[in-house]
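Trainee: Residue numbers (the working numbering), protein chains in the order written: chain A, 1 to 654; chain B, 1001 to 1338; chain C, 2001 to 2203.
None of these hints come from the bench; they were simulated from the model.
Some hints could be false.
[As the list claims (entries may be wrong)] Here are the simulated lysine-lysine pairs, DSS-like style, with alpha carbons at most 25 angstroms apart:
id	chain 1	residue 1	chain 2	residue 2
1	A	646	C	2018
2	C	2018	A	12
3	C	2018	A	20
4	C	2018	A	643
5	C	2018	C	2089
[Said to hold, decoys possible] Among chain B residues calculated to face chain A with C-beta under 10 angstroms, some are:
id	residue
6	1023
7	1072
8	1084
Backbone N, C-alpha and C fix where the C-beta goes; we use that ideal spot for every residue, glycine too.
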Amino acid sequence: MTELERVREEDKKLAAERRKIARDGPRLSGAKLEARLERTWKRPRGILGWLATVDHKEIGRRYIVTALIFLALGGALALLMRLQLARPDNDMIGASRFNELFTMHGSTMMFLFVVPVMEGVAVYIIPLMLGTRSTAFPRLNAFSYYMYLFGGLLLWGAFAFNIAPDIGWFAYTPLSGPQFSPGKRADIWAQMITFTEVSALAAAVVLVATILKTRAPGMTLARMPLFAWAMLVVAIMIIFAMPSVALASSMLISDRLVGTNFYNAYEHGDALLWQHLFWFFGHPEVYIIFLPATGFVSVITETFCRRPVFAYPVVVLALISTGILAFGLWVHHMFATGLPRVGYSFYTAASMTVAIPTALQIFCWLATMWDGRPRFQVPMLYVVGFIVTFVIGGLTGVIIASVPLDLQLHDTYFIVAHFHYVLIGGAVFPLLGILTYWYPKITGRMMSETLGKIGFWMMFLGFQLAFFPMHFSGLLGMPRRVYTYPAGLGLELPNLLSTVGAFVVAAAVLLFVINGVYSLYRGAIAPPNPWDAASLEWATSSPPPDYNFAHIPVVKSRTPLWDEKGELPVVTGLRADEKEILLTTVVAAAPDLREPVPYPSLWPFIASIAVGIVFITSIFSPWALTIGLIPCAIALTAWFWPKELKRNPEPVIS
Amino acid sequence: MRLRGPVLILPLLLSGCDYQTYQSIFSGAAAEVRQFNILFVIFLVICAIMYALVIAFLIVAILRRHRAQANVVETGRHHESDPSMRTGLIAWGVLVATGLVALAIASFFTDRSMAKAAASEKLSITVTANQWWWDVQYNSAEASKTLRTANELHLPVGVPVRITLHSNDVIHSFWVPSLAGKQDLIPGRETDITIVPRQIGIYRGQCAEFCGTQHAHMALVVNVDTYADFLKWWGHQLHPASAPTAPLAQAGYRYVTTGQCATCHSIGGTSAGGRVGPDLTHLASRRTIAAGTMPMSKGNLYGWVEDPQSIKPGSRMPTIGLEPNQLHAVVAYLETLK
Amino acid sequence: MIRPVRFAGDVADLPTHKFGPSSLTWWGIIAFMVIEGAAFALAFAAYFFLMGHEQGWPPEARRAPNLLFGTLFTIIILLSEIPNTAVKKAANEGDVPTIRRLMPVMVGVGVVLLIIRGFEFNNLNVRWTDDAYGSIIWALLLLHTTHILTDWFDTVVLAALMRTPLAYEGRRLVDTDENALYWRYVWLLWIPIYLMIYWVPRL
Chain A
1 MTELERVREE
11 DKKLAAERRK
21 IARDGPRLSG
31 AKLEARLERT
41 WKRPRGILGW
51 LATVDHKEIG
61 RRYIVTALIF
71 LALGGALALL
81 MRLQLARPDN
91 DMIGASRFNE
101 LFTMHGSTMM
111 FLFVVPVMEG
121 VAVYIIPLML
131 GTRSTAFPRL
141 NAFSYYMYLF
151 GGLLLWGAFA
161 FNIAPDIGWF
171 AYTPLSGPQF
181 SPGKRADIWA
191 QMITFTEVSA
201 LAAAVVLVAT
211 ILKTRAPGMT
221 LARMPLFAWA
231 MLVVAIMIIF
241 AMPSVALASS
251 MLISDRLVGT
261 NFYNAYEHGD
271 ALLWQHLFWF
281 FGHPEVYIIF
291 LPATGFVSVI
301 TETFCRRPVF
311 AYPVVVLALI
321 STGILAFGLW
331 VHHMFATGLP
341 RVGYSFYTAA
351 SMTVAIPTAL
361 QIFCWLATMW
371 DGRPRFQVPM
381 LYVVGFIVTF
391 VIGGLTGVII
401 ASVPLDLQLH
411 DTYFIVAHFH
421 YVLIGGAVFP
431 LLGILTYWYP
441 KITGRMMSET
451 LGKIGFWMMF
461 LGFQLAFFPM
471 HFSGLLGMPR
481 RVYTYPAGLG
491 LELPNLLSTV
501 GAFVVAAAVL
511 LFVINGVYSL
521 YRGAIAPPNP
531 WDAASLEWAT
541 SSPPPDYNFA
551 HIPVVKSRTP
561 LWDEKGELPV
571 VTGLRADEKE
581 ILLTTVVAAA
591 PDLREPVPYP
601 SLWPFIASIA
611 VGIVFITSIF
621 SPWALTIGLI
631 PCAIALTAWF
641 WPKELKRNPE
651 PVIS
Chain B
1001 MRLRGPVLIL
1011 PLLLSGCDYQ
1021 TYQSIFSGAA
1031 AEVRQFNILF
1041 VIFLVICAIM
1051 YALVIAFLIV
1061 AILRRHRAQA
1071 NVVETGRHHE
1081 SDPSMRTGLI
1091 AWGVLVATGL
1101 VALAIASFFT
1111 DRSMAKAAAS
1121 EKLSITVTAN
1131 QWWWDVQYNS
1141 AEASKTLRTA
1151 NELHLPVGVP
1161 VRITLHSNDV
1171 IHSFWVPSLA
1181 GKQDLIPGRE
1191 TDITIVPRQI
1201 GIYRGQCAEF
1211 CGTQHAHMAL
1221 VVNVDTYADF
1231 LKWWGHQLHP
1241 ASAPTAPLAQ
1251 AGYRYVTTGQ
1261 CATCHSIGGT
1271 SAGGRVGPDL
1281 THLASRRTIA
1291 AGTMPMSKGN
1301 LYGWVEDPQS
1311 IKPGSRMPTI
1321 GLEPNQLHAV
1331 VAYLETLK
Chain C
2001 MIRPVRFAGD
2011 VADLPTHKFG
2021 PSSLTWWGII
2031 AFMVIEGAAF
2041 ALAFAAYFFL
2051 MGHEQGWPPE
2061 ARRAPNLLFG
2071 TLFTIIILLS
2081 EIPNTAVKKA
2091 ANEGDVPTIR
2101 RLMPVMVGVG
2111 VVLLIIRGFE
2121 FNNLNVRWTD
2131 DAYGSIIWAL
2141 LLLHTTHILT
2151 DWFDTVVLAA
2161 LMRTPLAYEG
2171 RRLVDTDENA
2181 LYWRYVWLLW
2191 IPIYLMIYWV
2201 PRL
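For reference, chain A alone in the conformation it holds in the complex (with noise of 0.2 angstroms):
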């Protein structure tokens, strides 16, 4: 027999077992399903399985836990700092220790907590969200968890052992190179962006084809939710900026181990050229930021205002011109480094252009509210402190868009108010709304309405006894990132208060995890839609069976809950006995093909350990990068490879 028939012999095979599958629909449905799904999707038990889940829930669960964690760490240093700076001249803490602390502070909020906590809801949610049983890349997205939890490793680590890198979170050059900045605390610092860079490019890798290949049936682009919207666009911005701050850092890595002068101005480098390559991360980042809490916001604003977000294409465009725009702001960082004044207008006209489309999506929510009937339980609080403390920090950036008011403004207290504004209160606000909206699906209970209630006033209230006044001690003369300042400038009644209002929002966070946890054991029993909302993800269980839905809906709207009367349609035909979504097309989400899942596997979590072995010995030596690259072969290759060389009657990823 040759080769052709034989294989021929083996496609009738084949496709005669094919006709033998169990699949779900009118032949098999109800309980028997849901028993059979739960036995293939099941996640495995023991801490082997706890490395090898491929499960988006548990993997978001993680992702959201971590990064409270560190929300809690990067908070202590806020107090610690806020503790030396509550009186003048004080010598609470000296002067490099300080440096470590706001060095650590910043670091570990920008990159160990907001970025992947906003990375952490979507990816537990928005397969739920768009009416499927997992993301597409499900290893990836296990292997993007592991590489941000050893760049956090990475960083706390150093802090532990006392070499915490002191340069500031965004680390300006030549002052993290190797000559002022002897030893390995840069290193360190450069290696978790590393870390986390390539984590948060995983995961958004993962989002972008969930989003684009993933929806249910007839969940056209038009349909979609706007939090999958926000989070397609940020998904692709992540893309398209963290390459740019990979570059900077191992630029800067270069530098320091091999000599290399990119940022050296004596051989013919430039210190600019760091700030331009972070900036041009760093400005979207901060829109990558922002822009998921903005879905956050259509959320909760459409569940408990019981109508959808007014003018949702109008929403859309905003969330898509704003990431488009984030990206030609970039040199308003650098309004002091004496660049042509002309280049600067340009981008004084672009940063207060960013602030349209941001002021439609406001004016949309507010509609939203006008149009509809609010109710303010626990997540409309956080949506209304949203709007009216992330206002104020956008229109204090609208002041330092300006070239002669930000030559006063930069690096003072003045700018420390503004991103904090916009960071607590345009992406933290929402993030506790969201959890506390989201916490019935994730976890089956309410959170206590109560105490929900009383940490609102407390964050809300806290914040801006803490923030407020750092505009005064901006104006009054007071620099960013010193350890003291002097008496009889008039900054100490700004600063008291400060540190005051540090510790009422302390407060506050650790009432808001108390509730998250009393209410793990004692909260009361969430019903699968206890807030009566529209979109897929209520449509299912809380917490969901691992399989997320027992069929595959098809939806004819924007809000599929409240518009279809009476049964849920649902196709027919995915198998129940292997994993299997179902892909669509990308604009009309039509069914297109039957996508196969992968099975729980060591390979993620295996791969990580190479790469993180490979990027922590290049902190020390060069050669890491050569030798370090074949035991991560080794593991991609595994991570590829089929289990078994046999043909299944479908293709099987196990």
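Let chain A serve as the given structure and place chains B and C on it in line with the hints.
Mentor: For chains B and C alone, coordinates are given in the frame of chain A:
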């Protein structure tokens, strides 16, 4: 001028009346800073109006939630909306865009007017930043009139001065809030800033770009004098250090000019010619020690010379470990450097 | 499901593989291409930024890199598109014997290219420590070498897999098609890098 009052009220209310404005942007002691204050108030007013509109919309939206009819899922009208919202959206978009254009134009014109005011400078100074002190050089066409000092500037009121900015190590930022916006000092590049002081007084500035361990203690003092006083100061600073007469000071003179001090410091008229650290020729005429770390006084001089590392840890001046009699002699000599 | 369901369409007859944008891994590959493209675009920007500071390029009147090995590399990698296109076409047609014949050719081409690349590094006429020009030239060449190395290794693994009975599986044919697509990207990206390393310093 008129706007100084209202602008000052806010910090006064907040901080109580007992503080100095010599490091405050509010003090408006230079042409540029006054223009800043005006532009800042324009921005504040327009931003406050926008904020008020947002909050008003929010409040009304909340207050009307108990009305009878609403476009919500419970009434089945969740896909409809109030037609005034569509008009409102367009009006809001136009209003925001117009406001931003107005602010951008105001900003642009202020920028241009500041640049014009800065042309035609009559005085040239070069400031070189180091970790963590300021090397100051007054430039002159005549070499004999060039003056080198440190950490303190004297400027004549009403005269535009152009300060050329260099750095010997990392990026710093030159910032005297009462007199001008900031400008970075970047190694390998030359930047500059022009200041036109309009008010006599003493002002304080600080490095405003994180530059390492003692970034918080890199201040400088700017004295704005009458033109006559300024010339008198410059003339005096050009004099070399006078030879001391008292025996203790003479012993200090010998130690300072022949020992380690001379490796880093220079004193005009002596053999001490080190240029790594600040020039000390008229040290005792300055208001502060170690770039604003401590006020100038005999006691503080003792503390600094004896153990700089305990006062400003990480600074480039080592703690040498002087014998007590050496210390007395050195401080006695330094005090003569007026 | 929180509500009873109504069956509204069957997907059992949908295929489990397709070429092009219907394939999930196609999106993964495109996303990685965009990530690498962004990194390279920024490296190009850094190159021109550093060049913009100088009167002459290379600065300090160094010799530009030798043309021989870089040009040889370019010719060979451009020619490699011929077997590459053949592999891609064979994958789309399900022609496994052709794939099995041509994949080792692609592997061999990769080895030759990597050897020539070694000579290129030796003939740049500047060290990475000499100045920023040296640093950025070496960085561009190193980044592209990583590109070649990873895609070559992918090709090795895929070539091995296509020797097994799994070669006839639709998804493996899609993998082969997408690997060929990626190789196109690798040489396309080389063209501007070649110009920037070897020709811009000669302008």
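Trainee: Each hint needs a verdict: does it hold in this structure or not?
Mentor: Now for the hints, and whether the structure bears them out:
{"no.": "1", "hint": "A:646 - C:2018", "result": "20 angstroms, holds"}
{"no.": "2", "hint": "C:2018 - A:12", "result": "20 angstroms, holds"}
{"no.": "3", "hint": "C:2018 - A:20", "result": "23 angstroms, holds"}
{"no.": "4", "hint": "C:2018 - A:643", "result": "22 angstroms, holds"}
{"no.": "5", "hint": "C:2018 - C:2089", "result": "14 angstroms, holds"}
{"no.": "6", "hint": "1023", "result": "3 angstroms, holds"}
{"no.": "7", "hint": "1072", "result": "4 angstroms, holds"}
{"no.": "8", "hint": "1084", "result": "9 angstroms, holds"}
Figure legend: structure checked against the earlier numbered hints; every hint is met.
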